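Peer 1: Read off the chains here:
Protein chains: 4
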Amino acid sequence: MRVQQVEMHVCSMARPSDTSEFAALLDSGAVDPASVVSLVGKTEGTGLHDDSGRELADLRLREVLGQRLGIHRDEVTGRVSMILSGGCYGVISPHVTVISRRWVEVAPAAAPTTPALVIGRAYSDDIFPEEIGRLGQIRTVAVAVRAAVADAGITDPADVHCVMVKGPSLSPASIRDAEARGQTVVTHDVSVGVSGAMCYANDGAALGVAVALGEVPESALSDAAVRRDWHLYSAVATTSAGGEKRHAEVLVLGNAAPSLSALRVGHGVIRDPIDVEGVKVALRSAGLAFGCCPSSEDQARIVQVFAKLVVPGSDMVRGRRITLREDATAYISAKAVGGVLVASVTGDPGVMVSGGEQNSHQGPPDGSPVAAVVRTG
Amino acid sequence: MRVQQVEMHVCSMARPSDTSEFAALLDSGAVDPASVVSLVGKTEGTGLHDDSGRELADLRLREVLGQRLGIHRDEVTGRVSMILSGGCYGVISPHVTVISRRWVEVAPAAAPTTPALVIGRAYSDDIFPEEIGRLGQIRTVAVAVRAAVADAGITDPADVHCVMVKGPSLSPASIRDAEARGQTVVTHDVSVGVSGAMCYANDGAALGVAVALGEVPESALSDAAVRRDWHLYSAVATTSAGGEKRHAEVLVLGNAAPSLSALRVGHGVIRDPIDVEGVKVALRSAGLAFGCCPSSEDQARIVQVFAKLVVPGSDMVRGRRITLREDATAYISAKAVGGVLVASVTGDPGVMVSGGEQNSHQGPPDGSPVAAVVRTG
Amino acid sequence: MRVQQVEMHVCSMARPSDTSEFAALLDSGAVDPASVVSLVGKTEGTGLHDDSGRELADLRLREVLGQRLGIHRDEVTGRVSMILSGGCYGVISPHVTVISRRWVEVAPAAAPTTPALVIGRAYSDDIFPEEIGRLGQIRTVAVAVRAAVADAGITDPADVHCVMVKGPSLSPASIRDAEARGQTVVTHDVSVGVSGAMCYANDGAALGVAVALGEVPESALSDAAVRRDWHLYSAVATTSAGGEKRHAEVLVLGNAAPSLSALRVGHGVIRDPIDVEGVKVALRSAGLAFGCCPSSEDQARIVQVFAKLVVPGSDMVRGRRITLREDATAYISAKAVGGVLVASVTGDPGVMVSGGEQNSHQGPPDGSPVAAVVRTG
Amino acid sequence: MRVQQVEMHVCSMARPSDTSEFAALLDSGAVDPASVVSLVGKTEGTGLHDDSGRELADLRLREVLGQRLGIHRDEVTGRVSMILSGGCYGVISPHVTVISRRWVEVAPAAAPTTPALVIGRAYSDDIFPEEIGRLGQIRTVAVAVRAAVADAGITDPADVHCVMVKGPSLSPASIRDAEARGQTVVTHDVSVGVSGAMCYANDGAALGVAVALGEVPESALSDAAVRRDWHLYSAVATTSAGGEKRHAEVLVLGNAAPSLSALRVGHGVIRDPIDVEGVKVALRSAGLAFGCCPSSEDQARIVQVFAKLVVPGSDMVRGRRITLREDATAYISAKAVGGVLVASVTGDPGVMVSGGEQNSHQGPPDGSPVAAVVRTG
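Going down the list, the sequences are from chains A, B, C and D.
According to the working numbering, the first sequence is numbered sequentially starting from 1.
According to the working numbering, the second sequence is numbered sequentially starting from 1001.
According to the working numbering, the third sequence is numbered sequentially starting from 2001.
According to the working numbering, the fourth sequence is numbered sequentially starting from 3001.
Among the hints, a few may not be true.
With a Cα cut of at most 20 angstroms, we get these calculated DMTMM-like pairs of lysine to aspartate or glutamate [to be verified]:
| no. | chain 1 | residue 1 | chain 2 | residue 2 |
| --- | --- | --- | --- | --- |
| 1 | C | Lys-2245 | A | Asp-272 |
| 2 | D | Lys-3245 | B | Glu-1326 |
| 3 | C | Lys-2245 | C | Asp-2027 |
| 4 | C | Lys-2245 | C | Glu-2105 |
Away from chain D, derived, C-beta distances all over 10 angstroms, residues of chain B [to be verified]:
| no. | residue |
| --- | --- |
| 5 | Arg-1002 |
| 6 | Leu-1048 |
| 7 | Pro-1112 |
| 8 | Arg-1139 |
| 9 | Ala-1158 |
| 10 | Val-1190 |
| 11 | Val-1194 |
| 12 | Tyr-1331 |
Chain C stretches covered by chain A per the calculated footprint, using a threshold of three residues with CB under 8 angstroms from any CB of chain A [said to hold, decoys possible]:
| no. | region |
| --- | --- |
| 13 | 2060–2074 |
| 14 | 2179–2189 |
The hints are simulated quantities; they were obtained by calculation from the structure and are not laboratory data.
Model, not experiment: these values are computed from the prediction.
Where is the CB? At the ideal position from N, CA and C, for every residue including glycine.
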C-alpha cells in the first residue's frame, strides 16, 4: 500500500526575493523538488493589499522550484499551494516552510499504526462574487475541505488540526460583474475593515471548514449569521483571501495511520491576545510533553507553529480596556502581538503568524486558532 | 523615627482625559492627595513627539490632584513626578500608576527590619544643551541619582531596582542657544532615530544612573563612549527625555529597612525581544516565589511592572533575522512586543511598558530593563 | 435696525495647547471676547479618532476665552461653535480662525445695501443613533440648517456659500442603546472606512444641508440613497461627526444685505484631486477679481479658505489611475493633497482643509466643496 | 555624422508587476527595444527601503525588455539605467517613462541647428564606503557627470537641465568592511533621517553634479560642508542611493545641436513646498510658452516632469509654521505635496516626483529641483 511521509523544513529569507536557503535545501537532496506540495511563509512588507513582497517572493520561489522541475514558474502555481502572508512586524522572522510529501510503498502488515502527520489538498469549484461571505461560498468550501480530508486519508474529523484555505475576495471588478448579472454582493467595502470583503471572504471560508468538520451544523447557518453569530466558528481554520482567485485552495493537516511522517500536528486556541497558554495547548496536543514551559530540548522538536491573531470583538481583556480594536495600525500591532505570544514559547522567531482581522469565525469569539507541528521520537 | 510607607494603585483611563478612576481613588480616602509623589502611566496616542495624549493626560491629572490640594495645576508640577509615556499599542491598557508615600512616626525599636519598598526623589541641576549625551549630562544626573538614593534611605546601591529619569533633550531652539554661545552639540538630529537627540539624552541619563550606582566606573566613560560602547550600561535605568525640560527629575525604587510598605521591588533583564524569562526574573527578584509561571494567586500579588523594550542593535535573535531594526514602524511594534512579553506573564494588560529606542545604555547590549513591584504577605 | 458685522482672524498655533496668539488677539482689543461665535481650526496630530490634539486645543481655547468672559471653560461650549479638525499633513499650518459677530444699531436708511458676509447658527434637536445615516438625521439637520439660514438673515438659499455641520456619529455605546430599544442602525462599523459610521454621519448631515437649501428634493431621498446615489449632494456642506454629541451644530456663511462686514464669502467645487481651478472659482465667487492666478495683492485680501478633499469614488483621474482609494494612509495623503491645492493658490499655509472620506455627499461625485472668505475694498 | 534622436513614452502600470503597456509599446514598433536607454518610474508601495514594489517592477520590466532583446533580465541591468522610485502617495499615478535614443546618420550640412533634447550616460568608478558623503564620492561622481555630459554631446554646462544619479549608500555590511580596513564612515545611521546615510549619499552625489557643472567650485567643498553648507547645491541634480551598488550611474538631460529629438528639456526650482511657480518656470524653460497657466493644448505638449520635493530645513513657509520637518510620516506627505504641485499644473497625474529627504544639496536651501520635457512643434 502507498503510505505518505510528510516533511517540513523552515528556510529563512533575507528579503522577499531571497531564495538561497530554499534553493540550497532542494539542491542538497534533502527534499525532492517533485515532492513539494506547499510553501507557507511570511514575507517582509506592510502585509496590506499593496505590499509587493508577497508577489515578489511568490514569483521567485516558484521560479527556483520550476527550474528544478524543468517547468515554467507559472506552471508551478497549479502544483504547489503558495500560502504567503506579508508583515513581519515585531519578532516574526521572514521565512518559508517547505512542506513535502512522499508516497512510499509499504507492505500492509508493515504499515505503522501510530497516527502521524498526514496532509491533504483540494481545489474547490469556482466561487462567484455574489456567493462570497454567504452560504454559497460556505457550501463550496465545505465540499473542498471534505475532499482534502479524504485526500489526507483522515476518516475522523477530530484528527484534523489545521485547515488552511486561500480563496477569492471581492474586487471592484468582480462586484461590477455580479451586479451586471443582476446579483447582489455582501458588501461594497473591499477593505480589510470590520465590514470589508476580506473579512467576509475569510469568514465564509472558515465557516466552510466548520461545516465540513462538523463543528457547526449547516442548519445553524444563514447568510445573516456570517460576521454576526460569533459562537459559530472553526477552531482549526486559518483562512486568507486573495485578489484574482476564482476558487478556493485547501490544505489540511491532521494525524492518521498509516503515516511514515516523523511529525505530529496539534492545535489549541488563543483565547485572548495575552493567552500564551493557548500556544502551549497546541504544542501538547501535537505530542510535546512538558510541564509549564518547554525546555530547550522540547523547543528543538518544534517544527512550526501556524497561528492567527484576530483582533477581539471586545476591547476588554482580563478586566482592562485595550485599544487594538480602534487602532488604525492594528494590522501592525496584532501581528506583533501574535508573533511574541508564539515565539516566547517556541524560542524561535521563524513562526507563521498572521492576523489582524476584526473578529472572525476563525477561532472562538475574541480568540484565534493556533496549530503546531512537532517532531516525534 | 519617621518611616516611609509606599503604596501603588493602578487606575485605568478610558481616554487621555479620563481621570475618573484617579479622582475616585483620591475621593475614596484610600490615598491622601498630599501623599502622591508620582504619577507614572501610559496614554493612548502615537507615542511620538507630536502626540498630544501625554500633554492632555498630564494637564487633567494635575488638575484633579490640584483641586484636592487647593493649588493650581501648574503648582503640582514641582511636587509630583509626572512620568507619562504615549503609545498603547497591542495589549497595553491605558492607565496611570499612582505612587504615594506617607511618613509614619515609629518608635525605633518597633521599626520593621525586613527590607521593603522605599522611594526617593531628586531634581538635578540644570543641564545645558552642549552637555546632553556627553559627560556633562552624565555627571549631573549621577549627582541627582545619588541624592534620590539617599532620599529613599538606601545605603547599598544593590538595593536599587528601578531608576526612572526624565530630563531635557535637544530642540532646534536649544541647539541655536548652545551654538550662539560658541558651544557644540552632540547631534543636529532631534529625532528618535539611531543618531537622534532623544537617544543621546536617554542614554546620557542612563549612564548617569550607571555611574551613581557603581555599575560603570566614571573612568570608563568619555563623550565618545556614549551610544557606542554598549557594554557600559545600567540594568535598572529607564529614562525618557522631554521637550522644554531644563533639569532631570529622578525617581528611585528600592528595598530597604525600615519601611512600612507592603510592597517589594525587584528587577531583571529582557535579554532579547522574546525573552519572557527576564520578566519572571524581575518578579522573583521582587519576592514572588513561583515555579515556571505565576499562578492566578501569584498574579494577584503583582502591582506593576515597569519595562522598556529596546530595539536590539543586532537583527539576529536566536539565529533568525528579525526586521525591527529596519522597520519604520518600530515605535509601534517594539511597544507591542514589550507589552505582550510582560502581560502574558502578569495576566494584566495594565502594564507600564515603553521603548522603541534603537539600542540603548538602558539594559545590556540588545537587552532591556524590567522592574516589578509585588505585594508582600 | 440691528445689523451684523462679521470679522475673521487667523491665529497660528505652535502646538495644540498654544493659545498665545488667540489670547493676544483678545487682549489687544481687536476682538471682543463676547463677540466670538466660532473657532474653526486645524490641530496637529494624526487626525484619527484617537488624536488628542483636537481635545487639548479645544480645552485650552475654551479656557482662554472663558477667562475673558468670566465663565468656566465648560460653559463656553454652548456659546461658541468649536470646529477643530486634526491632521496638519504636508503644508497645512496649525491655526485657528476666530469668527466674531457684532450687532450694530443702524438707521434703516443708512443700512448698507451691498450684500456682504453674514453668519447664522443653530442647534438641531437630538438625533437618535437609529436615525444616523438615514432620513431621520437628514430631516433633523435640514430643520436646523433652515434655522441657521434664517439666523443669518439670508432669504435666498443661493446666497449660502458654506454650511459647516458638526453632529453625532455612532459609537459602540449608542449602537447598544439603539438595539436595546429594538431599533436597527445603519452600520456596525464605527470606523471612517467606506462603510463606517463616520461617513454615514457626515453624509446624512450633508444631505440635510442639501435638502434645506433645495439642492436635493426631499422626495429624491430614501435611506437606501445614502452613500449610494452620489449625484445627490450639497455643493456647500462641509460636515464632521464627533464622539458623544447628541445634536448637530450648524454654522452658515453667506452674503446678504444689510451687513456691515468687510468680508464676502464664495464657493466652488474641487472636481478632482488636482483641480486647482475649483479653488480659484471659490475665490472669484467671493469677489476676488483676478486673471489666471491671484497676485500677492490679491492674496493679501484672502482671509480664509474652508475646504474638504474627499477621496474620489473612482481611481481614475484625467485618464490615469491614482492609488488614493486603496491607500491605508489616505487619511494622511488626502489632507496633504488638499492643503497644497489650496495653499498653492492662496500663498498661505494657514488654510482650513480637512477630508479623507471615501466619497461623500459633500460635493459632487469624486469632488469636494471649497469656500473662500475675502476682504472687500 | 551620427545625430541622436531621443524619445520618451509614459506607460501606466496597474501594479508593480504590470508591464502590459510597456510590452505593448515595444511590440507596436513605436520603440525599438534596442534603443531603450533608461526606464524611469514610480512604483506603488511605501517607498521605504523595505518596499518590494521597486524590486518587483525592476525585475519584470527587465524581463520584458530582455525577452525582446534575446538576453536574460540580469544582462539588461548593465545596458539600461533603471531609475525607479517607490511611493505613489496622493495623486501620483504609477508609471514608467521609457527613454529611448536612436542614432541617425545625417549629412553634416543637413544636421539641425536648433538645440533639442540630448541625453548622455556614464558609470563612475567604484565608490568606497569611506568616501560616501565626503569629497571622495563628490570627486568620483563629478568625473562621471563630465563623461555623461560629453556623451550627450553637450559642451556648455548651462545646457544641462537634469542630472539623475543613482549610486551606493552605506549598509551595515559596507560599514563593517570599511572599518575592518581601518577607515571611518561619515555616519553609522543607515536610515533616511537627518543624519542618515541615504541623505549623505544623495547629497554627495548632488555635490558631484554641482562640481562637474561648475555650480560649486571644488575649492568651496570639504567633508565638513556636506549636509551643512546648504548654499552649496546643484539646481539640476536629482539623486538616489541604493543598496548593493558599488558605483554611480549617471543620466544627463540637456539641449544641444545637432539633435533630431522633437523634445526639449528645461528646469526650475521649487522654492518652498507651495511654490507652484517653480514648476511653471521649468516648463517655460523647456520652451512651453504660456501666460499664467498652461492651457489644455499646452498641457498636451508636456511629456514628463522630473521633480523632488525636499523637506525644507526651516519649518516656516511664507510666515507660517508647517509640520513636515517633525512629521514621522513626511516620507508620505512630502511626496503627496510634490505630486499635486506638479500635476495641478500639468493636468496629468503620471508625474515623476520623489523626495522626502530632510533638506538637501539637491536644489537651493529649502527648495527642490524640477525639470520638464516638452514636445516641440
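Peer 1: When the hints from earlier in the document are held up against this structure, which numbers fail?
Peer 2: Violated hints (numbers, rising): 1, 3, 4, 6, 10, 11, 12 and 13; every other hint is consistent with the structure.
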